[in-house]
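A.B. asks: Residues per chain, in single letters:
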Amino acid sequence: MTNDGVSDFFEDQQRLKRNPTKNAWEREIEYLLEGKRQALVLELGSYAQYVARLLADSQDRVKAKLAFKKGFEAAIRSWRPESPSLEYNLALLELVAEYTPPNAFEKIVVALQKWGALSPRELADPDANQTGTLKALRALEFYYPSRPPQNSSDHKAFEDYANLLYRFAGKFFYAPHCCRRLIELKLLDVKGSDMAALRGMLEMPGVIEEFLQYALGIHRGVLEEYIGYVLDCCLSVYDRNSAHNYPLYDRFKRELLRLGAAILDPERRVLVLSFRESWTGKNIELLTTNLTFARYRQASDWEVEELTRKRFAAQAERTPAWNEST
Amino acid sequence: MGAISNYQAAIYDQRRRADSLRQPSHAHRIEELHYTLVDELRQLHPYELTRSDYQKLKELKEGSSYTAICLGSHAAPPSDYCYRITTWSKLVEETRPETREFRFATSGSPERQIFDYFLSEHSRIKRERSTDDSWLPLLPYFGGNYTGYREFTWWTPFQVSTANTMCSAHQLGCLNISIGPNTIILRCPVSFLREKRISHIPSALDGYFFNIFRSAREHSNATCGRTISLEIPDSLTLGGAEYVVRPFDLDEAQISIWPVYLDDPAIHRIEFHEVRDKLLSYYSSLGEIDDDE
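Quick note, the sequences are listed as chains A and B, same order.
Count the first sequence with the working numbering and you get residues 133 to 458, in order.
Count the second sequence with the working numbering and you get residues 113 to 405, in order.
Hints are computed from structural coordinates only; laboratory data are not their basis.
Every value quoted in this text rests on a predicted model; they were computed, and no experiment measured them.
Treat the hints with care, as some may be off.
To be verified - Pairwise CB distance ranges, derived in the manner of DEER restraints: (1) B:D245 x A:D259: 39 to 49 Å; (2) A:L198 x B:G175: 44 to 54 Å; (3) A:Q191 x B:G175: 45 to 55 Å.
Beta carbons are placed, not taken as given, at the ideal position from N, Cα and C, and that holds for glycine.
The whole structure should be built from the sequences, with the hints applied where relevant.
C.D. replies: Now the structure itself:
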């Protein structure tokens with residue numbers, strides 16, 4: 133009886149820090165993915181933090197980083213997404229998202245194209261399938277945080293990625309991620325021809341919510357520019373069977389409130405946001421200064437009333453005020 | 113010390129003996145955990161368990177020794193705040209999944225992006241406030257029921273140095289390998305712990321899965337647990353006070369955070385091989401020591 137595979141852990145670790153090689157790192161990554169370093173992963177919170185700590189403590193960091201890179205690429209080369217356990221795949225995808233090894237992109241894309249999931253084994257278990265596949269899609273995101281320049285050499289890879297996003301955007305569980313990415317990468321012309329497609333996606337559960345979390349959160353990037361268009365879309369969906377019922381608009385509003393917005397002037401139908409009241413006034417000011425919400429607190433550049441008047445003049449009378457159904 | 117083939121196993125044997133002597137009322141549960149370890153997990157010691165071991169432990173029934181937590185006396189520190197060294201991913205993992213509420217970050221956000229954001233936000237506040245108090249409230253970013261892996265988390269009133277966090281961690285009994293480079297220090301008002309009566313002196317059962325843990329002697333006047341300071345590896349001494357805290361709501365506790373990037377190549381390092389012999393002698397005499405805080 134032994135503490136299998138980990139009894140020499142501290143010795144392995146010392147060797148790796150003193151003399152990092154491709155083979156030593158490949159072996160360490162395999163232990164990590166197999167769950168043999170779980171005690172420390174629990175201490176640190178993630179596989180990525182574990183690797184980062186070992187790299188940071190290496191005697192020669194440059195050598196260590198290069199050895200890790202090669203070792204990780206070698207581990208990816210021998211990886212067959214269909215074989216290992218879901219936990220193994222999830223751990224590997226976490227490291228892929230963090231370090232984006234070039235050879236992982238193709239493996240993930242091929243698996244998703246071929247099976248419509250990361251692994252055919254997971255198809256038998258819908259929950260596991262969703263977890264693995266969403267994690268795979270999220271890992272791919274880090275290869276294309278933004279749209280690559282036109283005519284760039286990896287245009288074909290980007291095209292494959294875009295096709296995957298379109299394919300998975302039609303499935304409930306993946307729609308929030310894929311729709312947000314399609315907008316972010318400007319693959320969807322939300323200002324013009326693709327408004328109907330956007331509307332269709334927004335109707336799926338979680339899509340509006342994920343869009344707002346990213347557009348108003350720390351990742352906002354280009355998404356921030358599209359808030360108005362998404363709101364337009366939400367306001368354009370009117371439930372004719374029920375007066376004053378704008379289901380998408382209600383979801384939009386609900387998510388804003390969940391994110392900490394307070395609607396201060398319902399009478400004017402102006403979206404004025406402020407933060408939660410549980411903090412001291414001073415804290416509110418300091419915390420909001422640098423966040424997107426702060427800009428909207430001025431309320432001059434983004435008014436629901438204005439949007440409604442311009443684009444939905446005919447329905448303006450029936451447009452609900454902000455304080456309805458809140 | 114002669115050649116020891118498995119230090120962790122040797123440390124575990126000494127620890128188990130010392131813990132049973134210092135906390136006799138938990139001796140039978142310590143033994144029960146030991147049999148689980150040996151018979152079911154087929155392991156020599158509990159300090160390097162694998163993913164499947166943890167899975168098996170999680171499946172143990174309510175009432176088993178694994179779920180016997182926070183059995184030490186209720187106690188709250190006499191300070192204003194308690195601290196905990198963690199990382200963003202650990203904070204999220206230790207929050208009950210169905211209660212996790214991501215506000216300005218999302219569940220798919222990469223840790224480095226969130227951490228960088230915290231760092232920049234923190235520097236801005238520091239600049240603007242021009243005081244040392246630049247803790248960020250956690251509320252705008254994340255909320256939920258903070259449980260820890262085993263339904264409790266470790267906290268210390270020892271003021272964790274934000275300038276020299278790694279040395280503070282050593283004083284709290286942590287090796288470098290267990291401190292993430294993207295560290296987040298959590299701060300919790302003690303008034304909250306007092307009001308809720310959720311903080312306890314750690315028992316040997318709480319510390320069972322850690323190779324660096326000093327159990328408080330039962331029926332002593334101890335008002336807290338004490339860590340083993342590793343800061344000077346040649347001479348292990350008593351470190352900061354520590355408590356275990358039952359699950360609580362992060363929003364209600366008004367937790368604040370302080371991000372610290374611990375990536376300095378010149379950082380003070382304490383590694384296992386530097387303390388293992390000393391730990392063995394420390395534990396071998398711990399059972400007999402009648403020290404009390």
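A.B. asks: If a hint holds in the structure, say so; if it does not, say that too.
C.D. replies: Going through the hints against the structure:
1. B:D245 x A:D259: 39 to 49 Å: Given a distance of about 45 Å, which is inside 39 to 49 Å, the answer is holds.
2. A:L198 x B:G175: 44 to 54 Å: This hint holds: roughly 51 Å between Cβ atoms.
3. A:Q191 x B:G175: 45 to 55 Å: Holds: the Cβ-Cβ distance is about 48 Å, inside 45 to 55 Å.
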